[in-house]
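Trainee: Could you build all of it, start to finish, from the sequences and the hints given here?
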Amino acid sequence: MIEEAVFLIGSIAILLGAVYDLIAAIGILRFPDFYMRTHAATVGTIGGAALPVFGAGLVALVYHPLGSQRFFMAGIAFTVGVLILVIAPTGSHSIVSAVYFGRIGKKPELKVDQLEEDLPKRSDVAELVREHEETPGEEEEPKFTFRRLGR
Amino acid sequence: MNIVSAFDSVLYFAAVVYTLAFVLYGIRAIRGPTTADIILAVDCLSFDMAAFMVILGIYFKSIMLASGAIILSLWAFMLDIYYTKYVLYGEVEV
Amino acid sequence: MIELHLIILAIVVSFGFVFSYLAMKERDLLKALALSSVQSTFFALGFYILAAPDIVLAYLAIAVGAYTALVILAINKTERYEVGE
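Those sequence lines, one after another, are chains C, H and D. Per the working numbering, the first sequence starts with residue 1, numbered consecutively. Per the working numbering, the second sequence starts with residue 1, numbered consecutively. Per the working numbering, the third sequence starts with residue 1, numbered consecutively.
Read the hints as simulated data drawn from the structure, not as lab findings. Incorrect hints may have been included.
[What the hints assert, rightly or not] Subject to a maximum C-alpha distance of 30 Å in a straight line, what follows is the list of computed DSS-like cross-link-like pairs (lysine-lysine):
1. C:K106 / D:K77
2. C:K111 / D:K77
3. C:K111 / D:K25
4. D:K25 / D:K77
[Claimed, not checked] Computed footprint of chain C on chain H; a stretch qualifies when at least three of its residues, placed anywhere within it, have a C-beta under 8 Å from a C-beta of chain C:
5. 37 to 50
6. 60 to 67
[Stated by the list, open to error] Estimated spans, in silico, between C-beta atoms of each pair:
7. C:G67 / H:A6: 17 to 23 Å
8. C:A5 / H:R31: 41 to 47 Å
9. D:A10 / C:H93: 34 to 40 Å
10. D:I7 / C:P108: 24 to 30 Å
11. C:L8 / H:R31: 36 to 42 Å
12. C:L8 / H:G90: 49 to 55 Å
13. H:S5 / C:G67: 16 to 22 Å
14. H:M78 / C:P108: 27 to 33 Å
15. D:E82 / C:D113: 33 to 39 Å
16. H:S5 / D:D54: 29 to 35 Å
17. C:L8 / D:A51: 26 to 32 Å
18. H:M78 / C:K106: 26 to 32 Å
19. D:D54 / H:G90: 34 to 40 Å
20. D:M24 / C:L8: 47 to 53 Å
Keep in mind the model is a prediction, meaning the values are calculated, not measured. Positions of the beta carbon are idealized from the N, C-alpha and C atoms, including for glycine.
Mentor: Below is the structure:
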């Protein structure tokens, strides 16, 4: 009785996680700009990866064809779940901060932008470029530091 | 309720939906206009692939197969951190 | 039920082929590196379905981890864009 209840909870978690994952994939394909895609991606990592892993750990506890290996399998599943819970928000935050402060791509129209005063000023960037600028050679090739000047 | 046959039908549905999601993430990684979109798609793809590895490891009845999920979720994190360090600071220390 | 993981294997390896071609034709080296990491992630699932867990462990550590770190370090020391024909 208790095994069937645990199996039912685990199966519902796996099915719900699969549906979450499909929704996140559709969102990451259809949304127009990067920040909205990030919103879909966080749904995909927590709801679509951490939840079914915990569900798989619960299923593995009562899945008898595994024999005595099922406790090891549940341990692996819970370890992966905790790792994803710690790692995935950190990675998403780091990518978004790289895109915002590095001015990659096109920024959408925002009504309130409270991080704008933390952006590097134009004079600082010009000084940084002047530091790294070399003597003009014969070939015109795109450099990494030139890209930071323009919006 | 037979647990084994019920888990087979659960895994059938989950495998179809996960494969469809992998295909959609791959299409975004092909179409992505900037590099950050591709990195974001890799991030989602590797975490979902780790979850799928654990679920499929129960079906194949092998704990050696499922241990690849830990490695995958840990190494995919390093790609984000190195991309951020390269873009923001312009230097990478290994 | 038997053929389902073979279908998944076919899809995954086809995507890996497409991404390796895109990474080869790309002029921006950082973007090529990201495409190459997509390819190695797909191939890892391919090796997993072929039931080779030791190859999965080695391939992930090299192709997603050490290769990415070394190539980003090399791009950092040299240039990002490929020039010339």
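Trainee: If a hint holds in the structure, say so; if it doesn't, say that too.
Mentor: Hints, one by one, checked against the model:
With a C-alpha separation of about 27 Å, the suggested pairing of K106 of chain C with K77 of chain D holds against the 30 Å cut-off. Pair hint K111 of chain C plus K77 of chain D does not hold up; C-alpha atoms about 39 Å apart against a cutoff of 30 Å. For a cut-off of 30 Å, the pair hint linking K111 of chain C to K25 of chain D is broken: about 40 Å separates their Cα positions. For the hint linking K25 of chain D to K77 of chain D, the alpha-carbon distance of about 22 Å falls within 30 Å, and the restraint holds.
Given a C-beta distance limit of less than 8 Å, the hint that chain C covers the region 37 to 50 of chain H holds, as 9 residues qualify and 3 suffice. A stretch counts as covered by a chain when three or more of its residues have a beta carbon under 8 Å from one of that chain; for the region 60 to 67 of chain H and chain C the count is 4, and the coverage holds. Range check, G67 of chain C to A6 of chain H: about 19 Å between beta-carbon atoms, so the 17 to 23 Å window is met. Distance hint check for A5 of chain C and R31 of chain H: the Cβ-Cβ separation is about 44 Å, which falls inside the suggested range of 41 to 47 Å.
Distance hint check for A10 of chain D and H93 of chain C: the Cβ-Cβ separation is about 36 Å, which falls inside the suggested range of 34 to 40 Å. A hinted range of 24 to 30 Å is violated for the C-beta pair I7 of chain D and P108 of chain C, which are about 39 Å apart. At roughly 40 Å, the beta carbons of L8 of chain C and R31 of chain H sit within the given window of 36 to 42 Å. The hinted range of 49 to 55 Å is satisfied by L8 of chain C and G90 of chain H, whose Cβ atoms lie roughly 53 Å apart.
Distance hint check: the CB atoms of S5 of chain H and G67 of chain C are about 18 Å apart, consistent with the given range 16 to 22 Å. Take M78 of chain H and P108 of chain C: their Cβ atoms lie about 29 Å apart, and the range 27 to 33 Å holds. E82 of chain D and D113 of chain C have their C-beta atoms about 35 Å apart, which keeps the hinted 33 to 39 Å range intact. At roughly 32 Å, the beta carbons of S5 of chain H and D54 of chain D sit within the given window of 29 to 35 Å.
L8 of chain C and A51 of chain D have their C-beta atoms about 30 Å apart, which keeps the hinted 26 to 32 Å range intact. Separated by about 28 Å at the C-beta atoms, M78 of chain H and K106 of chain C satisfy the suggested range of 26 to 32 Å. Checking the proposed 34 to 40 Å range against D54 of chain D and G90 of chain H shows it holds: the Cβ atoms sit about 38 Å from each other. A hinted range of 47 to 53 Å for the beta carbons of M24 of chain D and L8 of chain C is consistent with their spacing of about 49 Å.
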